[in-house]
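Engineer: What follows is the residue order along each chain.
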Amino acid sequence: MKRDREAVRRTNLRAAVAWALAAALIVGMLCLPLYSFSATVFTKKSGNTFVGDEKYLAARAEVEEAADARRAANGGVPVEIVENVTERTNSKGEKTSMVAFEVREEMRRNGWQFLGSGLTAGRLLGAALACVIAAFLLMLAGLRGGMDTDWPELPAAPHRLRRAAVWLALVALLLVPVFRMACNLAFTRQIKLASDGFARPGFDALLARLDAFLYGGSAGEDALKLMAGVSYRAGWALKALIPLLAAMVLSGVVLAEGHPAETLRKGLLYAFIIALCALILYPYYVMFITAFRSNAETTDMNFLHLLPTAWVWSNMRDIVNRGVLRFLLNSLALSFGATAIALVCGIPAAYAMARMNFRGRKAFLGFVIMSQMFSPVVLLVGISKLMNTLHLNDTVWGLMFINAAFNQAFAIWLLRGTFVSISSEMEQAAHIDGCNTVSAMLRVLLPMAAPGIVTTLIFVFINAWNEYTISTVLISTNANKPITVGITQFSSFNMIEWQYLFAAALLATVPVVILFMCIEKHLAAGLTAGGVKG
Amino acid sequence: MNTIPVRRKWEPYLWLLPSVVLMAVFVVFPIIIVFKQSLSEISKAGVVGGWNNFENFRAVFRDPAFGTVMLNTLVWVVAVVGLSTLLGFITAMSLNASFRGRKLARSIVVFPWATSLVIQASIWNYIIKFEYGNLNNVLLNLGVLRSAVNWRVSYQIEFAWECGVGIFVTIPFVAFTVLAGLQSIDNAYYEAATVELTVCTVLNIIYVFNSFPIIYTITKGAPANKTDTMVTFLYMRAFYDNQKGPATAMSVIGFAILCVAAGLYMVTAMRKEEA
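These protein sequence lines map, in sequence, to chains A and B. For the first sequence, position 411 (counting from the first letter as 1) is numbered 411 according to my numbering, and the numbering increases by one without interruption. For the second sequence, position 272 (counting from the first letter as 1) is numbered 272 according to my numbering, and the numbering increases by one without interruption.
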């Protein structure tokens, strides 16, 4: 669609005005208070004082004076006096009282004060501001001489400049929440940890900066105590930054690409994918770092790091000493056995279903489908009774057969789909050459169906490897436990050894996740092969 | 049809024999045992007696926890199947679009499917601990939160977390089934995806209904069966309280419910077979 120059010019002009206005407003917002702090600036304790007596009045007068001094110094900033009365009865039965006065002041800090504070938050805000200014200048350069050029015809150089400007505005947008997080860290988390005696390295420098930022350096020794009493909230100027930056990004997209809808859709797609992947990987991150932390660190509520402070590799040695290798071997044996049995029984059945016409074919297919609903959990009582009868209770062999049987339906379903999708011409030719059905299948069909067979094999293997419920009922001897049951020995009712639990879980997870990633491409095809190509 | 000639009439049955024997012994036989036990008197020692006039079933319905458990099961199935279908569908649509890093994203999405449920549940159990759990730890250390939040303040919230973990681990299954539908036929895009979705939803209902490790790991049904679903409740009755009679009766009730779902599945799967 070709638009006339005038329409393009009008759209561009509107977007450019919005862009410039947003940028100007953002700079303006920095002059307004971003945070308002309610902080104690003066304290006075008066012992053995009852409300209303002489001592009280004297102390009160002193506090009023200090409050007035603050008011005079800060030009009408709200200052309030808080008094706490503590009454006690001493050992002689006399009543005593103590009054503690506090002068609280509302302190407002604007963007420029943050910039000059030397705090991490200030640096982040500075970076955001730099991004906004740079974006503004780049856009200015990119707009020169191209205001009425339709976007598809935009030369590469201005196009690139405009795109760069949008990216910078986006970075600034993302920096705002990071700035707020940095504020929370400096004003709450670090102070609380230091008050509890877990100061991070470099905390003294931070405290000095906070003192300078809020108290003008006058708090000195009391800084930590005073800071612990500070409460704060975000001002409306800070809250306005995100919508303003979003407006800047949007108008920038119009200037750079002309059609914000498509760019937005793409942006949303990326945002969704990134958020989804982050969410999915999060538990694996937790498992990984916890597996190498010390026991004290796993249950430390003041743990300050996103990674272990010291990687405790010996956790792996410890779990090996507690029999995890045996569990892994059991799992391996059980999964290989189950896969072998499932395929040896499943391939001929799938072959008959795919290649032969016989009475009862439909009925068998129905039975196969039906058996997918027979979960072993509902049948646990029956299964454990059966295993007792067969003397397979508490053995890896029993688990093998059960897993093979309960994966039979899926194996037949997948294999049949693969066989059906392969033409039978070659087998018929083999028949004419005098081969029997068995050797025709073995020599001709199976090599061609190899990808489907491998997919089925891996799928059954993983199902058996991850199975937990039947194993936990059937197996009681430690030496026969598969890994999924084995790891539960690290979590007893009142004490969970998280680091061992997750170290063992890591060993159990990594191989199968890699296996699964290998068949992921075939998985999508395999799932439908059963039905669609019938 | 892509058939080959069969020389002897009984030959196809010979091919089916190993599979039939395996399933008959390890699937059909336990079903028979469960049905038989549900109608018989069972002593504490586990000796199966005679017909007891549906006493096991009556015991189940008399159990005051049974109502809560059934309600929980309903919430669990509806919430997990419903939301994981919705989110899985969105995920499949996104993964089907072309973007940079799509291969990597697909490999990552498959992770929860490949991981044992008991392991996933253990990790989430640790993540949401109040005192030292990783979620509070990470959010506090990043500065997102100002003070620690108790993520499991009540059993209702804990049950909601369990549903959340259920949804989380089910999304890949839905996403990849729908993705398979999207890829198998290029035209009639959405139609193919919805056919796939019907089959997948019925299968999902069966899987989620039978899902055991998440609830068993995170709350074990505590407090007082308030977060139990049917399968965890049944397990506790059978193997902790040693009430095999009522437990098997509950299995049969579970069967009846699943039969409805499976009937639906048969119809849709068979229809797909004809198509």
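Read the hints as simulated data drawn from the structure, not as lab findings. Note that CB positions come from ideal geometry on N, CA and C, so glycine has one too. Check before you lean on any hint, since a few could be wrong.
Stated by the list, open to error - Quick list of in silico lysine-lysine cross-link-like pairs, DSBU-like style, CA-CA up to 35 Å:
| hint | chain 1 | residue 1 | chain 2 | residue 2 |
| --- | --- | --- | --- | --- |
| 1 | B | K103 | A | K266 |
| 2 | A | K225 | B | K129 |
| 3 | B | K9 | A | K239 |
To be verified - A short, non-exhaustive set of chain A residues, derived as facing chain B with CB atoms under 10 Å:
| hint | residue |
| --- | --- |
| 4 | K225 |
| 5 | A261 |
| 6 | T263 |
| 7 | S294 |
| 8 | I341 |
| 9 | F364 |
| 10 | M517 |
Unchecked claim - Using C-beta positions, here's what the derived DEER-type ranges look like:
| hint | chain 1 | residue 1 | chain 2 | residue 2 | range |
| --- | --- | --- | --- | --- | --- |
| 11 | B | F130 | A | E221 | 47 to 53 Å |
| 12 | B | L71 | A | D204 | 29 to 35 Å |
| 13 | A | G197 | B | A65 | 22 to 28 Å |
| 14 | A | V438 | B | Y155 | 25 to 31 Å |
| 15 | A | G323 | B | R58 | 26 to 32 Å |
| 16 | B | C259 | A | H391 | 29 to 35 Å |
| 17 | B | I90 | A | G366 | 44 to 50 Å |
Engineer: Indicate, hint by hint, whether the structure satisfies it.
Structural biologist: Cross-check of the supplied hints:
no., hint, verdict
1, B:K103 with A:K266, "holds (17 Å)"
2, A:K225 with B:K129, "holds (30 Å)"
3, B:K9 with A:K239, "violated (80 Å)"
4, K225, "violated (19 Å)"
5, A261, "violated (15 Å)"
6, T263, "violated (13 Å)"
7, S294, "violated (13 Å)"
8, I341, "holds (7 Å)"
9, F364, "holds (6 Å)"
10, M517, "holds (5 Å)"
11, B:F130 with A:E221: 47 to 53 Å, "violated (35 Å)"
12, B:L71 with A:D204: 29 to 35 Å, "violated (57 Å)"
13, A:G197 with B:A65: 22 to 28 Å, "violated (47 Å)"
14, A:V438 with B:Y155: 25 to 31 Å, "violated (59 Å)"
15, A:G323 with B:R58: 26 to 32 Å, "violated (45 Å)"
16, B:C259 with A:H391: 29 to 35 Å, "holds (32 Å)"
17, B:I90 with A:G366: 44 to 50 Å, "violated (33 Å)"
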